[in-house]
Each structure stands twice: as C-alpha cells, then as structure tokens.
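Peer 1: So you can see what is in the structure, the chains are spelled out below.
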Amino acid sequence: MARRRSEGGPAARRVSANAASAPASRRAVGAHRWRRAGLESPAGAAVSAAPAGGRPKLVRRQRLSQWDVKLSPYLYISPFFIVFGLVGLFPLAYTGYLSLHDWERLYYRQGEFIGLENYRFVLTDPVFLKSLVNTFSIFLMSSVPQVIVAVAVAALLDTRLRGRTFWRMSVLLPFVVAPTAAVLIFGSLFADKYGVINAMLDGIGLEPIRWHVDRWWSHLAIAGMVNWRWTGYNALIFLAAMQAVPRDLYESAALDGAGRIRQFFHVTLPMIRPTMIFVIVTSTIGGLQIFTEPRLFDDTPQREGGPDHQYMTSTLYIYVKGIEDQFYGRASAAAWVLFLIIVGIALLNFALTRLLTRGRQA
Amino acid sequence: MRITDTGPVRRPTSYRRRLAIGAVTALVLGLTAACGGDDDPTKSADQQQLGDGETLTITTFGEFGYDELIEEWNKENPDVQVEQTKVSLWDDWKNELNTLLQANEGLPDIVAIEGDFMPALVAAPERWVDLSGEDVDGRWLEFKSDAATTADGKLLGYATDAGPEAICYRADLFQKAGLPTDRAEVAALMTTWEDYYALGEQFVAKSDAQWYDASGSVAQAMLNQVEFPFEQEDNTVNVENDELRAVYDTVTGNADALSTGAAQWSDDWTAGFQKDGFATIPCPGWMRSNIRDNTGNPAPKGVVWDVADVFPGGGGNWGGSYLTIPQSSPHQEPAKEFAAWITAPEQQIRIFEQYGNFPSQVAALEDPALLKSADPYFNDAPVGEIFSNRASAITTQPYHGPLYSDILGKFQEAITRVDQGGDAKESWETFVTEVAALQ
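Sequence order for the protein chains is E and V.
Residue numbering for the first sequence follows the numbering used here, beginning at 35 and increasing consecutively.
Residue numbering for the second sequence follows the numbering used here, beginning at 338 and increasing consecutively.
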C-alpha cells in the first residue's frame with residue numbers, strides 16, 4: 035500500500051479520470067500541486083480551502099452525472115453485498131447474539147441473557163470435543179488425498195488424450211449427483227451386515243469391517259464419500275489453471291533436458307500456485323463443515339453421528355444441539371467456536387501454502 | 338518517501354468506509370432487533386376461509402392409514418380439501434417439527450404427534466388449539482385423553498390409536514428350533530420376562546436366527562411397564578433409579594446372546610425381517626403393518642408370522658399418536674372438524690382392519706366388528722380379540738414428563754452402544770451425562 039502510494043500518481047489520477055466536472059478536477063490539480071511541492075498537506079487544509087474558494091453551484095445534470103460516476107459502481111456490485119448481508123453477515127451476527135442467551139425449550143423462544151455460559155457449556159462438553167476430533171480426522175482423510183489426487187488427475191487430463199471432453203466430463207459426474215443419493219449408494223456399500231464391501235471381504239476370507247461402529251473406519255467411509263464427490267470438481271479447477279500455463283515454458287524446460295516429472299514439479303506446480311491456494315482454502319472450509327454424509331450415513335433413528343458419536347462432526351453437533359435437543363443458544367455458541375476455528379485454519383493454510391510454494395519458486 | 342497524498346483523496350475513502358461500516362452495522366443490528374422479539378407463538382393466527390385451490394394440510398409419520406379415508410373426505414367435502422404429507426420416521430418428523438415450531442411458520446394445519454412427545458405439548462399448552470368439545474367428550478380411553486389434557490382441562494390432541502403390546506413371532510422358525518407353534522402354547526411360555534429370556538436361550542441354541550429384533554425394542558417394551566421411567570411426578574428428572582437400571586442391565590446383559598444387534602428402524606433392522614434375522618418382536622397393534630411391509634406382502638415362501646395373546650410381565654402400551662392443531666393455523670375450525678371426523682370410532686375401526694393400528698376410542702373397542710377381526714397375514718390370528726385382551730391387561734401407565742421423548746432417544750442410543758460392543762457401564766455413564774445436558 036505504502037509503496038504504491040509513494041509513487042505519486044494513481045490515487046490522484048483516479049480522481050481526475052473519474053470526475054469530469056470542473057471543481058473535482060480542479061481539486062485534483064490542487065492535490066498535484068501539493069505533492070509536487072513536496073509539502074505535507076494537513077488533512078483539513080485542502081478541504082477547508084475548497085469551500086472557502088466559493089465552489090460554483092452545480093447544475094442538476096452535472097450533479098446527477100457526478101452521483102452517477104460515484105454511485106453506480108457501488109450499485110452494480112451491491113446485489114452481492116445485500117444478499118451476503120442477508121444470508122451471510124446477518125445470520126452470523128444473529129447467531130452471536132443468540133449464543134449469549136438462554137433458550138426456553140418448551141416454547142421454542144429465546145430466554146434470558148446469560149453471558150458466556152453457552153460457550154462454557156460447549157467448550158467443556160466432551161461430545162463437542164469428540165466432534166472436533168472427528169471433524170479434523172475426516173477433514174484430513176478427505177482434503178489431503180483429495181487435493182493430491184485432483185492435481186494428479188488434472189495433470190493426466192492436461193496431456194493429449196483421445197476423447198478429452200469425455201474424460202473431463204466423467205470426472206465431474208460425481209459432483210452432479212445429489213449428496214443424498216450418493217450417501218444412499220455408499221450406504222449399501224458400507225452396510226455393516228449386508229453391505230457389498232463386507233460381502234467381498236468375507237468372500238476372500240477376511241473379517242468384515244464394522245463401518246458404523248469403529249471410529250476410524252467410519253471416518254474413512256465418510257471421507258470416501260466426500261472424496262468421491264469433490265475430487266473431480268477440484269481436478270477440473272486445477273486443469274483450467276494448468277491450461278493457462280504458457281506452453282513455451284514447457285518447451286524451454288524440455289530443451290533444458292527436464293523430463294515430464296521434473297516439468298510437473300518445477301513448471302506446473304509453481305505456475306498454478308494461486309489456484310492451489312484457492313482450492314486448499316475452499317476445501318478446508320468445506321472439509322470442516324461436513325454434514326450430509328455423516329448425518330445420513332448413520333441409520334439409527336437419532337442420527338447423531340453414531341450412537342457413541344463416533345463420526346459426529348462439529349456441524350452435526352450444532353444441528354443436534356439446536357434442532358434435536360432444542361438449545362439454540364448452545365448450538366449458536368458451538369457455531370461461533372467452529373467459525374473461529376475455520377477462519378484460523380484457513381488463514382494458517384493460506385500462509386503455509388504461500389510460504390511453501392514461494393520457497394519452491396525461489 | 339513519505340506518504341504525502343493524504344488530505345483530499347484519503348478523506349473521502351475513510352469517510353466512505355466509515356459510512357459503509359455504519360450501514361452494515363445498522364443493517365445487522367436492525368435485522369437482529371427485528372427478528373429478536375417479534376410474533377408471539379402463543380397467539381392464534383388470524384382465521385381465514387379456505388380459498389380457491391387452498392387445502393388443509395396434515396403431516397403424519399409412519400403409517401396412520403389415512404390415504405383412503407382422506408380421499409373419501411375430499412369427495413364429500415369439496416370445500417375443505419385435505420392434503421397429507423407422510424414422513425417415514427417419527428424422529429425425522431420430530432426434528433422438522435422442532436424447526437417449524439421454532440420459526441413458528443410453515444406448520445401444517447394438523448400436526449401428528451407421537452404419544453411420547455405429548456407431555457412436551459402439555460407443558461407449553463398456549464401454542465396449541467384447545468380441541469375439547471361435547472361431541473368428543475368421553476370418546477377415548479381415559480389414559481389416552483388424560484395424557485393430552487392440561488391441568489386446567491384443555492384437550493390438546495385427538496388420540497388416534499393405542500399401542501397395546503402382544504408378541505409377534507415366526508412360527509416357521511419356532512418349528513425349526515423345536516418350539517411349539519400354536520399361539521396358545523406359545524403364550525403360556527412367555528408370561529414373565531424371565532420365561533421370555535429363558536425361552537430365547539433355548540431357541541438360539543437350536544437356530545441361526547436371533548431371539549428378538551433389537552435390544553432397543555425390548556427395552557422400550559420393558560420400559561412401558563415402569564411407573565416412573567425417567568421423570569418423577571413433579572417432572573424432575575431422575576434416571577438413576579433402580580427400575581430403569583434393572584431394565585438396562587437385563588437388556589444389555591442379553592444383547593450378545595439374544596439380540597440382532599441392529600438398531601431399531603435401521604437398515605440392518607429392516608433387512609432382518611427378510612433374512613430370517615430374528616424370531617420374536619414386541620408387537621403393538623401398529624407394528625403389524627411394519628412387519629408386513631418389511632417382510633414383504635405376500636410373505637416369502639415358508640415365512641409364517643403369528644401373534645401370541647401374551648405380553649411378558651403383564652400388559653404394556655407402546656405408542657399411539659395424537660392429532661393436534663397449532664395456533665399458527667389459519668384454518669382452525671375446519672381442521673378441528675376434520676380431525677374429529679378422522680379420529681372417530683368408525684374411521685379407526687376401518688384403519689384397524691386395513692393397517693392394524695389399534696383403536697383408542699371406547700366405542701370402537703366394544704364394536705363387534707373389531708372383536709371378530711382376523712388377520713390372514715398373521716396365520717389368521719384373531720387380532721381383534723387378542724389386542725382387546727392386551728389392552729385390558731394394561732395396569733401401569735408410565736409417567737411421561739415433558740422430557741420423556743428426548744431422554745428416550747438418549748436411552749436408545751445407550752443401548753445401541755452396548756449392542757455395538759461398547760462397555761455397558763461406560764455407556765450408562767454417558768447416558769447420565771447426556772441426560773444432564775438436556776436440562
């Protein structure tokens with residue numbers, strides 16, 4: 035920021051370019067003069083000088099066009115921010131507000147203000163801590179292999195293949211299937227008693243795996259569903275980034291004697307760094323919010339991520355506390371805790387990815 | 338170089354930023370305040386006529402057996418068309434209902450409520466329409482209407498069915514294991530829980546199948562004979578009582594030997610009906626349609642279901658639901674009229690004959706048509722007579738407080754944990770902490 039400003043122009047240029055009307059450009063010229071002289075202008079000076087100079091009144095049309103120039107850009111982008119405010123920012127703030135209040139269970143009404151009591155409950159609740167461990171375990175089992183496999187798939191798709199469009203479409207196919215439908219399919223694969231995988235294991239003389247009972251196996255099953263759905267999607271994003279890598283880089287690399295693998299690590303990977311960051315940050319956010327898969331994977335009527343909460347993720351905890359147990363305050367507190375954790379992890383990921391890929395580039 | 342271009346350029350930026358922050362804060366606070374304390378859920382909605390194309394909505398769960406009856410009503414009442422939404426599981430509907438009640442919006446005109454959840458409604462009666470009236474006075478068995486009546490005499494729900502329990506059993510599996518198959522003989526062998534479990538051990542010794550469908554279902558059956566399972570009369574929660582602990586210990590102690598290990602209503606549980614998974618199942622009237630649907634109708638070759646006129650440890654009532662009308666309904670009068678019609682004895686008898694849901698209406702229970710009714714799917718068992726006997730054998734009505742349904746869910750999970758190989762003692766401790774977290 036500071037660097038750019040000290041170069042002089044851009045800020046002032048923006049003003050003169052934007053405002054066609056006379057006084058504004060005069061002001062810009064004024065600003066230039068201050069800068070040329072190398073004088074420090076006290077914040078108020080230029081401004082207080084303007085009205086004192088007797089600013090000529092603008093005609094209505096001039097004023098309109100001035101507003102147009104100033105306001106329209108904001109109006110054009112406002113739908114996003116209005117929608118974001120309504121469905122993003124407001125719920126966030128309202129959740130924070132609720133998290134400080136008790137909840138009248140029977141009447142489904144907000145209760146008294148109780149300060150941080152809900153946060154105390156959530157942070158000392160062993161079930162919440164268990165759900166955090168589950169969340170991270172499922173996240174690691176899904177996001178890490180997902181990104182690696184997606185990059186590999188993208189690299190394969192980036193070569194001259196016969197029927198390229200077909201292959202590209204087919205990796206995206208799982209993404210089109212509704213998660214609920216996917217869970218149903220995987221449910222019959224991973225059923226404990228009468229499931230396909232266990233039948234196969236049984237066929238080759240191995241012990242059946244208790245997918246819904248053993249904690250880490252259940253995480254693996256859920257991570258499998260998540261990966262199945264998202265790997266192809268991420269691969270396509272990587273592919274798009276890879277195709278934007280200038281081909282002459284590969285040519286020079288090849289001339290320098292770099293093989294395919296070397297080209298991949300020293301040309302492709304550094305060149306898709308921004309995309310890497312994007313995919314890693316979004317899949318972190320998504321990976322820490324897994325809900326549908328564990329909820330539907332559980333076929334006991336309570337659906338609380340297994341009777342022993344073996345695969346209850348933190349989002350599922352929020353749902354159970356809020357909707358099933360009817361404690362909106364506690365659910366809101368848990369939501370805020372999770373939100374802060376996700377922000378923290380996303381920032382950490384961002385920093386790490388930058389650091390690592392920058393090191394490689396240098 | 339120093340930053341020199343403050344003043345004219347920077348000032349509007351920070352001004353704008355402040356304005357933007359101000360605007361966003363105002364928006365958020367405004368909306369927060371707006372949503373904070375608006376419409377009172379205990380206030381009745383403005384009543385409106387059913388407009389053109391508008392329907393009365395009703396949401397049921399499981400199988401209420403209303404399809405044909407609603408069709409009939411719609412033919413006779415062109416002005417009051419009824420539209421039913423069916424949810425397959427009560428637990429799923431309960432969650433959705435909780436959400437709708439919280440929002441106080443989107444509720445159907447008529448809400449079906451599982452009997453176990455009724456005490457929660459009675460504890461917050463202002464949200465529901467008082468349905469009492471002379472025409473329905475004395476229509477139901479006393480314990481059914483009492484459970485839906487507030488201290489000051491408001492009736493919040495019309496009872497649909499009752500759940501007197503018998504034992505349904507697979508006569509073909511009994512025969513293969515060398516047990517008697519005749520329903521009177523079978524009944525004589527399981528009058529107490531000790532007998533029932535002992536017979537089970539005898540059975541599993543000679544069969545690949547398990548003795549009962551799920552630990553959770555036997556637990557619930559036993560629970561229905563405990564006077565104060567989870568809550569005392571003043572609604573204080575007390576789960577660490579001897580009777581409940583005895584049920585828990587018996588069920589978890591027998592889980593390995595006698596149960597399928599599947600959680601009730603899970604996919605493995607459903608599959609167990611077709612795969613000869615188990616031989617007996619605690620059988621309230623409404624369970625018959627579940628058995629029929631899960632086993633397949635007509636029954637697969639060789640499969641013979643039957644009903645024994647007995648329930649271990651006396652009688653027991655499991656479930657039976659209610660129809661209620663929330664204050665948010667804008668069509669309370671026609672809704673009440675329809676609910677009264679569909680819960681009338683004549684309609685309930687037809688449901689019993691077709692689906693098996695046993696009436697809770699006094700007149701229906703005395704009806705000769707009911708007493709004569711037999712079920713060909715269950716080896717022509719005289720189900721009318723059997724379930725009437727089972728209803729009169731009920732001596733204990735367990736006390737259900739407002740938290741009953743929620744605690745029951747946690748109790749079922751505790752049992753499933755042990756079914757899955759968890760330690761019974763640890764699972765019980767988890768249950769106690771989870772119940773504490775509900776208060």
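A portion of the hints provided could be inaccurate.
To be verified - Listed next, with one range per pair, are the computed distances between beta-carbon atoms:
no.: 1; chain 1: E; residue 1: Phe-312; chain 2: V; residue 2: Asp-630; range: 48 to 54 Å
no.: 2; chain 1: E; residue 1: Pro-179; chain 2: V; residue 2: Asp-630; range: 38 to 44 Å
no.: 3; chain 1: V; residue 1: Thr-436; chain 2: E; residue 2: Leu-381; range: 31 to 37 Å
Stated by the list, open to error - Selected chain E positions facing chain V (Cβ under 7 Å, derived; list incomplete):
no.: 4; residue: Val-230
no.: 5; residue: Ile-243
no.: 6; residue: Trp-250
no.: 7; residue: Trp-251
no.: 8; residue: Leu-254
no.: 9; residue: Gly-258
no.: 10; residue: Ala-287
no.: 11; residue: Asp-333
In case anyone wonders, no lab produced these hints; they're calculated from the structure.
These numbers come from a predicted model, not from an experiment.
Every residue gets a Cβ at the ideal spot worked out from N, C-alpha and C, and that includes glycine.
Peer 1: Would you mind marking each hint as holding or not holding in the structure?
Peer 2: Structure-based check of all given hints:
no.	hint	result
1	Phe-312(E) to Asp-630(V): 48 to 54 Å	holds (49 Å)
2	Pro-179(E) to Asp-630(V): 38 to 44 Å	holds (41 Å)
3	Thr-436(V) to Leu-381(E): 31 to 37 Å	holds (33 Å)
4	Val-230	violated (13 Å)
5	Ile-243	violated (13 Å)
6	Trp-250	violated (15 Å)
7	Trp-251	violated (12 Å)
8	Leu-254	violated (17 Å)
9	Gly-258	violated (18 Å)
10	Ala-287	violated (40 Å)
11	Asp-333	holds (4 Å)
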